[in-house]
Amino acid sequence: MTREAVGIWLIVLVLYEIAFDVSGRCPSLCECGTWYNLQHASCTGRHLYSIHTGASNIVQALDLSNNSISVLNNYELAEAGLTRLKYLNLSVNAISEIGLNAFNGLSELTVLDLSKNHLYYLLSDIFMPVKSLRVLRLSKNNFNSHVPKLECPWLMDLTLDSCQISYVPADTFIGLSRLRTLDLSNNLLIQLDTVALETLQFLRRLSIEGNPWTCDKLTFDLQIYLMRKNIQYHAICVKNVEPKKFEKMIVYNPQVKYKKHRPLINLNSNIMENMTNKHFTSTPGRENACATTTNESNFMKMLNSISPYWFLIAGFILGIASGMISSYVWITRKICCSRQTDNDAQNISLLQNPWLFEDSPLNDTAISCPDTPPPPYRDVVLRPGLYCNVSVNTNLNNNVATNSTEYT
15 MTREAVGIWL IVLVLYEIAF DVSGRCPSLC ECGTWYNLQH ASCTGRHLYS
65 IHTGASNIVQ ALDLSNNSIS VLNNYELAEA GLTRLKYLNL SVNAISEIGL
115 NAFNGLSELT VLDLSKNHLY YLLSDIFMPV KSLRVLRLSK NNFNSHVPKL
165 ECPWLMDLTL DSCQISYVPA DTFIGLSRLR TLDLSNNLLI QLDTVALETL
215 QFLRRLSIEG NPWTCDKLTF DLQIYLMRKN IQYHAICVKN VEPKKFEKMI
265 VYNPQVKYKK HRPLINLNSN IMENMTNKHF TSTPGRENAC ATTTNESNFM
315 KMLNSISPYW FLIAGFILGI ASGMISSYVW ITRKICCSRQ TDNDAQNISL
365 LQNPWLFEDS PLNDTAISCP DTPPPPYRDV VLRPGLYCNV SVNTNLNNNV
415 ATNSTEYT
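Heads up: the sequence shown begins at 15 in my numbering, then just goes up one per residue.
Some clues are possibly wrong.
Claimed, not checked - PhoX-like cross-link-like pairs, simulated, lysine-lysine; straight-line CA separation at most 20 Å:
(1) 163 <-> 145
(2) 130 <-> 154
(3) 100 <-> 145
(4) 231 <-> 243
Calculated from the structure, these hints are not laboratory results. Values in this document were obtained by computation on a predicted structure and should not be read as measured data.
Starting from the given sequences, assemble the full structure and let the hints guide the process.
Here you go:
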């Protein structure tokens with residue numbers, strides 16, 4: 015009994031120590047546990063500025079996503095005691111610079127996630143110390159024309175989607191000879207030369223959808239190359255061979271169906287001659303009717319061939335022409351009438367002025383037009399009411415006055 019009790023107590027103490035050791039080494043900003051049979055520490059969304067979280071060296075999966083880490087210095091991960099990491103998630107941070115020896119000492123690292131950061135370039139030898147790296151995620155960075163030319167022959171899965179990549183040089187994937195999956199979707203690629211993919215002998219899946227392809231000969235050659243190499247991809251620049259809906263309506267001929275199902279009747283030549291002589295004998299009335307129907311059909315065809323826009327244009331031109339003619343007639347009549355009334359008024363005023371103001375005290379100073387001709391005698395005789403009679407005395411007085419003024 016004593017030996018069995020001592021053994022049980024020893025087992026309890028060992029388990030307690032193990033549990034205390036594991037729980038005691040979990041940092042306060044993280045949550046620890048097991049994840050896919052790995053010792054996992056999750057430190058997401060803690061506003062961390064570095065990888066130094068206090069996690070123990072037994073952690074195999076570390077999640078530092080959604081923080082504010084901006085730089086990975088040389089040997090920083092190894093100095094933090096994270097040499098047993100197999101999974102490292104640094105996505106959704108502000109990492110813009112990674113040292114050449116930042117991943118030294120992480121010989122067991124298999125999956126590395128650097129997506130949604132501020133990376134715009136990567137050194138080619140940065141992952142050479144990581145001999146176990148198989149999956150690398152670099153999506154949603156800003157590489158543009160600086161596509162990383164990595165030297166990592168053991169890498170199998172590379173993700174470069176949504177990285178603003180506009181051009182892929184021919185020597186980009188030379189150092190990734192064992193790559194099996196490549197994601198270049200949702201970038202700015204217009205063309206992709208097959209020479210860039212010839213070094214990927216083990217490639218089995220390529221994602222290239224979501225790019226503004228030009229759909230030229232080079233693009234179709236790329237699709238033929240992928241089909242020949244049995245590489246899975248989403249089809250781009252697919253030619254639509256089937257006619258559209260309205261094209262079917264135009265091409266459709268209702269007589270084709272009738273001709274297909276109409277029974278074939280073989281008749282002798284004599285029977286055909288009798289039928290034609292019997293049923294198609296021409297008469298004058300019928301000829302006239304046929305002629306009228308053909309004329310009507312030709313006229314209707316002509317009307318149908320004319321576009322309705324021509325009718326609108328013709329109506330517009332006719333309206334303008336009629337408006338111009340009517341305005342011209344109205345203006346000419348207005349001018350003629352105004353001239354006639356002005357002449358009559360002027361003649362009457364010129365005839366009336368000398369006599370209307372004869373008796374006025376200002377007669378001697380009346381203004382007269384020297385170049386105005388006198389009214390014709392006929393108008394004075396026929397219309398005496400319009401003109402005043404001039405007495406001889408007034409004329410003599412005027413003459414005497416003028417003579418006296420001249421002598422003075």
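Going through the hints against the structure:
1. 163 <-> 145: holds, 17 Å
2. 130 <-> 154: Distance of about 5 Å is within 20 Å: holds.
3. 100 <-> 145: Answer holds: residue 100 to residue 145 is near 12 Å, not above 20 Å.
4. 231 <-> 243: holds, 18 Å
The structure meets every hint from the earlier list without exception.
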